[in-house]
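No gaps in the numbering here: position 149 of the sequence shown is 149 in this note's numbering, and each next residue is one more.
No lab work stands behind these hints, which were simulated from the structure alone. Fair warning: this is a prediction, and the values are worked out from it, not measured in the lab. Careful, some of the hints might be misleading.
[Claimed, not checked] Here are the computed lysine-lysine pairs in the DSBU-like style, where the Cα-Cα straight-line distance is at most 35 angstroms:
1. Lys296 - Lys166
2. Lys73 - Lys296
3. Lys283 - Lys325
4. Lys251 - Lys325
5. Lys251 - Lys283
6. Lys43 - Lys93
7. Lys296 - Lys283
8. Lys283 - Lys298
9. Lys298 - Lys251
10. Lys166 - Lys189
11. Lys373 - Lys205
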Amino acid sequence: MLYSHSRLAAFEQCQLKFKYRYLDQEKAALQSVEAFLGQLVHKTLEKLYRDVQHQKHETLEELLVWYAHQWEKQWEPTILIVRKDYTAENYKKMGEEFIRRYWERHHPFNSTYTIGLESRVTLALDSAGEYQLQGYIDRIATTDDGVYEIHDYKTGGHIPIVDALKQDRQLALYALAIKTNYQDVKEIKLVWHYLAFNKDIVLTKTDDELDQLRTETIDLIKRIEATNKFPPKVSALCDWCEFRPICPTWKHEYKTEQLEPNEFLQEDGVSLVNKYIELSEKKRLLTEDINGDLEKLKEAILEYARREGMTTLRGSDHRVKIWEKDVWSFPARDDPRRQELEQLLKRLGIWNDVAALDSFALSRAIDEGKWPKELIDKITAFGALEHKERLYPRKVDFMT
1 MLYSHSRLAA FEQCQLKFKY RYLDQEKAAL QSVEAFLGQL VHKTLEKLYR DVQHQKHETL
61 EELLVWYAHQ WEKQWEPTIL IVRKDYTAEN YKKMGEEFIR RYWERHHPFN STYTIGLESR
121 VTLALDSAGE YQLQGYIDRI ATTDDGVYEI HDYKTGGHIP IVDALKQDRQ LALYALAIKT
181 NYQDVKEIKL VWHYLAFNKD IVLTKTDDEL DQLRTETIDL IKRIEATNKF PPKVSALCDW
241 CEFRPICPTW KHEYKTEQLE PNEFLQEDGV SLVNKYIELS EKKRLLTEDI NGDLEKLKEA
301 ILEYARREGM TTLRGSDHRV KIWEKDVWSF PARDDPRRQE LEQLLKRLGI WNDVAALDSF
361 ALSRAIDEGK WPKELIDKIT AFGALEHKER LYPRKVDFMT
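Taking the hints into account, I'd like the entire structure generated from these sequences.
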């Protein structure tokens with residue numbers, strides 16, 4: 001498989017989305033208005049620089065007319081607007097504002113030489129050429145003194161902190177490709193244009209950082225290729241996913257959201273869930289009552305046994321043995337002091353005396369293909385594959 005940053009990011013974001021898009025090659029069921037807006041703004045800026053290359057200098061108003069015409073021409077009623085407080089016209093005006101502010105900030109567009117627009121680049125991550133990447137760079141520019149710039153336009157409503165951008169893989173991978181494809185490179189600048197904020201961020205990468213990225217990317221590809229299960233990963237990004245109508249996590253919600261109230265309540269899945277929640281709530285209330293009574297009886301038994309100096313009490317056909325002891329408690333997994341304690345035990349050489357195998361963590365690591373297949377085969381020889389079932393009810397948030 002020829003990989004790209006988009007493929008790698010899709011796998012990290014949701015493995016099932018990766019499978020749908022790149023392995024099954026499912027046709028996207030939805031397109032979000034954010035994706036539509038982003039594509040059209042990119043096309044408009046591509047036209048801007050291509051016209052400049054051909055000595056065609058349009059005015060800002062002419063460019064905005066072209067953008068508006070393309071919007072009307074390409075808009076489809078099926079495009080998904082997740083944020084219901086806003087209309088297609090709101091998003092169209094956002095795009096106009098992005099283009100206007102970019103124009104005003106960078107006109108007359110001659111500070112560098114544009115040598116590539118939506119340029120496809122390829123890269124072999126290893127000397128044998130086993131791990132191949134491709135990508136499309138929004139704009140490649142250069143100066144007379146060997147400085148290359150990789151430009152990326154962002155239309156989203158979030159701007160990351162610089163530390164997060166330093167970990168960004170996409171433009172850094174493109175930098176590796178530029179170093180390979182151009183012989184006169186002296187410096188490469190990574191330039192992000194956050195159009196919603198009228199802000200440009202520029203970073204550079206050292207050779208050591210790029211080498212580390214090369215290794216990390218190969219490791220990620222190996223993990224992808226070792227994966228044979230592709231579970232969905234639920235996150236806030238699900239609302240914008242083009243595969244939501246066929247995703248097992250969301251397809252029932254998508255199927256039922258257009259039903260009339262009577263049809264909705266009579267739908268088999270809805271009816272089953274409602275009955276399950278009703279009985280679960282009855283069980284919870286009953287369990288709370290029983291647990292409360294048990295706790296009171298436990299305290300009464302302890303009080304009686306302590307008063308009478310006894311450690312076992314006899315009933316009609318049962319005995320209750322009383323066990324009391326002061327037991328140390330230590331930091332839980334989410335306590336920052338837990339790591340300090342583990343490091344201390346390892347330094348003292350007694351870690352193996354108290355460490356225990358976490359079967360759940362081991363099973364998850366196997367499912368995610370974190371290790372080579374030969375190693376996984378040796379581990380799974382000690383286990384047995386069991387099918388387990390659990391239901392996790394969760395209240396629906398009608399505000400989303």
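(request) Measure nothing beyond the straight line between the CA atoms of lysine 251 and lysine 283; if it is 35 angstroms or shorter, mark the hint as holding. (result) 29 angstroms, holds
(request) Would you check the hint for lysine 166 and lysine 189, treating anything up to 35 angstroms between C-alpha atoms as holding? (result) 12 angstroms, holds
(message) Need the status of pair lysine 296, lysine 166: alpha-carbon distance at most 35 angstroms?
(response) 58 angstroms, violated
(message) For a C-alpha distance cap of 35 angstroms, please report whether lysine 296 and lysine 283 respect it.
(response) 20 angstroms, holds
(request) With a cut-off of 35 angstroms on the C-alpha distance, tell me whether lysine 283 and lysine 298 pass. (result) With Cα atoms ~22 angstroms apart, lysine 283 and lysine 298 stay inside 35 angstroms; holds.
(message) Would the hint linking lysine 251 and lysine 325 be met if the CA-CA limit is 35 angstroms?
(response) 52 angstroms, violated
(request) Would you mind confirming whether the straight-line C-alpha gap from lysine 43 to lysine 93 stays at or under 35 angstroms? (result) 16 angstroms, holds
(request) Compare the distance between the alpha carbons of lysine 283 and lysine 325 with 35 angstroms, and conclude whether the hinted pair is satisfied. (result) Holds. Lysine 283 to lysine 325 sits at ~33 angstroms (cutoff 35 angstroms).
(message) Against the 35 angstroms threshold, does the CA-CA distance of lysine 73 and lysine 296 hold or violate the hint?
(response) 73 angstroms, violated
(message) Does lysine 251 sit within 35 angstroms of lysine 298, going by the straight-line distance between their CA atoms?
(response) 48 angstroms, violated
(message) Check whether the Cα positions of lysine 373 and lysine 205 lie no farther apart than 35 angstroms.
(response) 34 angstroms, holds
Consistency note: the structure conflicts with the earlier hints numbered 1, 2, 4, 9.
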